[in-house]
Amino acid sequence: MTETSKTHVILLSCGSFNPVTKGHIHMFEKAREFLHKTGRFIVIGGIISPVHDSYGKPGLVSSRHRLTMCQLAVQSSDWIRVDPWECYQDTWQTTCSVLEHHRDLMKRVTGCILSNVNTPSTTPVIGQPQNQTPPIYQNHMTPSFKLWGKIGESLGKICCVRPQMERFTFVDENANLGTAMRYEEIELRILLLCGSDLLESFCIPGLWKDSDMEVIVGDFGIVVVPRDGVDTERIMNHSSILRKYKDNIVTVKDATNHPMSIVSSTKSRLALQHGDGHVVDYLSQPVIDYILQSQLYINASG
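One point on numbering: in UniProt numbering, the residue at position 246 of the sequence shown is 246, and numbering is uninterrupted.
Bear in mind the hints are in silico, worked out from the structure with no lab data behind them.
Misleading hints may appear alongside valid ones.
[Stated by the list, open to error] SDA-like mimics (lysine to any residue), calculated; alpha carbons at most 25 Å apart, straight line:
no., residue 1, residue 2
1, 244, 196
2, 209, 219
3, 107, 97
4, 209, 89
5, 22, 33
6, 6, 33
7, 246, 266
8, 244, 204
9, 253, 243
10, 22, 253
11, 246, 234
12, 253, 201
13, 6, 218
14, 209, 222
15, 244, 233
16, 30, 209
17, 253, 285
18, 6, 209
19, 30, 219
Please read all numbers here as calculations on a predicted model, not as lab measurements.
Full structure from sequences and hints, please.
See the structure below:
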């Protein structure tokens, strides 16, 4: 497949990140690596969206701390960024709402159209006029991609991703392209990135609204990174909605059992409470330093 015929993807991960672990970052890296290997996708960015404080999970520290820890965890990454929108809302937001927010935000900021899995766009998503018309947005970005955008001081910095390709320019869906212009289309989608534990939660009766699952899996799509050798095929067979949209679920296959796949926030909190030196295997040093400085989790339960 040519570069323009591949689906361009933004990976979005929602969760507590209490605290953010090396496993969370590893999940992004493994997902990107696998999607690129399929030859069907180009991952142009990753977004971490910590859950709102009102989520009500026992031992959940303030979003102020969780956002800072996430920012420290990705400070050396050139493609993964932290988005505070979910934390800044008045109350807890569903995963479906977070996905829809980022889809709408990308459309407003970039002027491009994000295609759904089941309803691919017939209008240019990102295109380059072939008559060498100068790009609408001049490109002077660092390699790969750049996060940018600020919408409203009350929401803080809202980040979006767009590709680093000088021959591409964002096209507004209502723009008058003219009959003399021909555009080259590419697909751009936001996919939910999750572990197999979240996929398994879809099978718990009453935990997720069917309407939300229809949107998450049917409209957006999911990239699943299995943990502890979990059989994702078995999980999907337990849910009629997951079976229905099976083709929209990408399972990251890895022949090796990487130690990061079993790292969890729960193990990290326990290690911190017990003074276990293995915490350095779970958390990056900047995150550990911040936790110790802020005295987080040390005497917490859970």
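Need the status of pair residue 246, residue 234: alpha-carbon distance at most 25 Å? Since the Cα atoms of residue 246 and residue 234 sit roughly 12 Å apart, the hinted pair holds (cutoff 25 Å).
With a cut-off of 25 Å on the C-alpha distance, tell me whether residue 244 and residue 204 pass. holds (17 Å)
Below or equal to 25 Å on CA atoms is what counts here, so check residue 253 against residue 285. Outside the cut-off at roughly 29 Å; violated.
Between the alpha carbons of residue 244 and residue 233, is the straight-line distance 25 Å or under? holds (13 Å)
Proposed proximity, residue 219 with residue 209 (alpha carbon, max 25 Å): Between residue 209 and residue 219 the Cα gap is close to 15 Å, so the pair holds against 25 Å.
Mind checking the alpha carbons of residue 107 and residue 97 for me, to see if they're no more than 25 Å apart? Between residue 107 and residue 97 the Cα gap is close to 15 Å, so the pair holds against 25 Å.
Hinted pair, alpha-carbon criterion (25 Å max): residue 209, residue 222. Please report holds or violated. holds (17 Å)
Does residue 246 pair with residue 266 here, judged by a C-alpha cut-off of 25 Å? violated (30 Å)
Straight-line alpha-carbon gap residue 253 to residue 243, limit 25 Å: holds (19 Å)
Run the distance test for residue 30 versus residue 209: straight-line Cα separation, threshold 25 Å. violated (29 Å)
Sort out whether residue 201 lies within 25 Å of residue 253, counting only the CA atoms. Holds. Residue 253 to residue 201 sits at ~20 Å (cutoff 25 Å).
Are the Cα atoms of residue 6 and residue 33 separated by 25 Å or less? Cα-Cα ~15 Å, so holds.
This entry does not satisfy hints 7, 16, 17, 18, going by the numbered hints stated previously.
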